[in-house]
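Chains as they are written, first to last, in my numbering: chain A, 85 to 331; chain B, 2 to 266.
Source of the hints: derived by calculation from the structure; they are not laboratory data. Among these hints, one or two may not hold up.
Looking from chain B toward chain A, a few residues come up when the C-beta cut is under 7 Å (computed) [stated by the list, open to error]: (1) F16; (2) R19; (3) R89; (4) L92; (5) G261.
Which residues of chain A face chain B? A few of them, derived with a C-beta cut under 8 Å, are [as the list claims (entries may be wrong)]: (6) Q129; (7) L134; (8) F162; (9) S164; (10) N168; (11) L169; (12) P170; (13) K184; (14) S244.
Each residue gets a CB set at the ideal place from its N, CA and C atoms; glycine is no exception.
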Amino acid sequence: MLQIRDLTKRFNDVVAVDGLSFSIARGEIVGILGANGAGKTTTLQMILGLIRPTSGRIEIFGRDHEQHRIEILRRMNFSSVGVNLPMNLTVSENLWIFAKLYGVKDAWRRLDALLNLMEIHHLRHAITGSLSSGEVSRVNLCKALLNRPELLLLDEPTASLDPDIADKVRKILRRVQQEDGVAILYTSHNMRDIEEICDRVLFLHDGHLRAEGTPAQVIEQFRTHNLEEVFIRIARSGEVVKAGGSR
Amino acid sequence: MTLQRVWVMVLRYVFVYRRSPIRLIEVLFWPTMSLLVWGFMTAFIQRSTEGSLPGFITFLIGAMICWDMLFRAQQGVSLSFLEDIWARNLLNIFCAPVRLSEYVLATFLFGLLRVGLTLAFLCVLAWLLYHFNFFALGVALIPFIANLLMLGLTIGIITIAIVLRYGHGAEPFAWALPFLLQPFSAVFYPVSVLPGAMQKVAWAIPCTYVFEGMREVIGAGSISWDNLAWAAGLNIIYLMGAMGLLLHVFKVARDRGLLGKWGMQ
Chain A
85 MLQIRDLTKR
95 FNDVVAVDGL
105 SFSIARGEIV
115 GILGANGAGK
125 TTTLQMILGL
135 IRPTSGRIEI
145 FGRDHEQHRI
155 EILRRMNFSS
165 VGVNLPMNLT
175 VSENLWIFAK
185 LYGVKDAWRR
195 LDALLNLMEI
205 HHLRHAITGS
215 LSSGEVSRVN
225 LCKALLNRPE
235 LLLLDEPTAS
245 LDPDIADKVR
255 KILRRVQQED
265 GVAILYTSHN
275 MRDIEEICDR
285 VLFLHDGHLR
295 AEGTPAQVIE
305 QFRTHNLEEV
315 FIRIARSGEV
325 VKAGGSR
Chain B
2 MTLQRVWVMV
12 LRYVFVYRRS
22 PIRLIEVLFW
32 PTMSLLVWGF
42 MTAFIQRSTE
52 GSLPGFITFL
62 IGAMICWDML
72 FRAQQGVSLS
82 FLEDIWARNL
92 LNIFCAPVRL
102 SEYVLATFLF
112 GLLRVGLTLA
122 FLCVLAWLLY
132 HFNFFALGVA
142 LIPFIANLLM
152 LGLTIGIITI
162 AIVLRYGHGA
172 EPFAWALPFL
182 LQPFSAVFYP
192 VSVLPGAMQK
202 VAWAIPCTYV
212 FEGMREVIGA
222 GSISWDNLAW
232 AAGLNIIYLM
242 GAMGLLLHVF
252 KVARDRGLLG
262 KWGMQ
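Chain A on its own, in the form it takes in the complex (with noise of 0.2 Å):
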């Protein structure tokens, strides 16, 4: 679905993303963490097509990203917390335009059941700007579920909203990854969030890939209670572990 390797990138002196490979399968959710700096935000817009990388390679559904952006960009979507749909629209006027950018057959009826399925289809002539943030990133996600996508990136999808929401967000991004075989690389800062959903997570420190495996391993294999603690071992030390490896 995803394969990345060897990717670098460098602003001028500075090495954002350091020879990082790695790789997602159908139906695979991916954690991508580190703290601030740590290459999570610049290897997320490589993987958009939003920066070029400095060399390495990215290949999408089989193929180089260069070379194919407008075809895999339909088959994927993405998003963001710091990313919004135009405020004074209502909530179906954005997901139509949107559903048609993608191409989406028989729009209004997905965009219903995507309404529906988030639990806000009573919001749906609602002005977005008139949302409470958490509605408005759940119109996100509706968004970023309109096309079926087969891989799809999500940066902070439950950064604003309440643990309850969060909760039904993640159950439902389960069902629609166990349903139609959406692979996900989701990136946040809410370890609970993390240890819940993904499948397997990626740590990176100074653009560097510092541990992988399941969120179970990579507990283990550093001796902690959660992955909080991995957390903080990794961003104070850069410290080093491979899935089934040791340090």
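Once you have looked at the hints, place chain B on chain A.
This is chain B only, laid out in the frame that chain A set:
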């Protein structure tokens, strides 16, 4: 290029304006103010010179309306882009299966809608207030207007390139760039009025030929096809240059990670 995607993006801008009528100030208010000021000033000058300047109203009001069309066409492109930045929606577009050329075409088509609305409103107002018939210029209007719209598109694309490259701080260029050309473009006076060095700059700007040509139509009643050919030739060169610049800036923005600053940090 997929026309459906272009059409959907045009509709998106229409929805934005429909939901926010205050944006029509940009389309109707400023052109109306300009028309009132230029119209009454023209009437005053004509009265002061006791009508010894024939066609003066046609010169000035016609020039004002034509300039406004160029400006609105440019604004259609650059403000549509800025709307996406202000709404933090730009990355949703750039991460959707949308080509840069489709995006620019959509902003231009929406710009044309804005120009059409402004033109219709100004023509009615100019007729009611000053008995000025913009369409008295006849068929010559069509190539003149086409050239002005093309230059508006070119300046709009350059504006997008500048803002993409230099960020929020460069947004005032969306309003400033057309006015950088105005003194050289012989909008309200002939090129011969300009000092020698400025005349050379003036003849490198496509709209100079349009305004000179328009004055010739009003004064002598004949169309200067040479002027139109020069305007069209320069416009094609500049439009291609502007697209080349935008593609180059887009590449630089991807290399330097500038696109992510519009939402993903």
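Verification of the hints:
no. : hint : in the structure
1   : F16  : holds (5 Å)
2   : R19  : violated (9 Å)
3   : R89  : holds (4 Å)
4   : L92  : holds (5 Å)
5   : G261 : holds (5 Å)
6   : Q129 : holds (5 Å)
7   : L134 : holds (4 Å)
8   : F162 : holds (6 Å)
9   : S164 : holds (5 Å)
10  : N168 : holds (4 Å)
11  : L169 : holds (6 Å)
12  : P170 : holds (4 Å)
13  : K184 : holds (4 Å)
14  : S244 : violated (14 Å)
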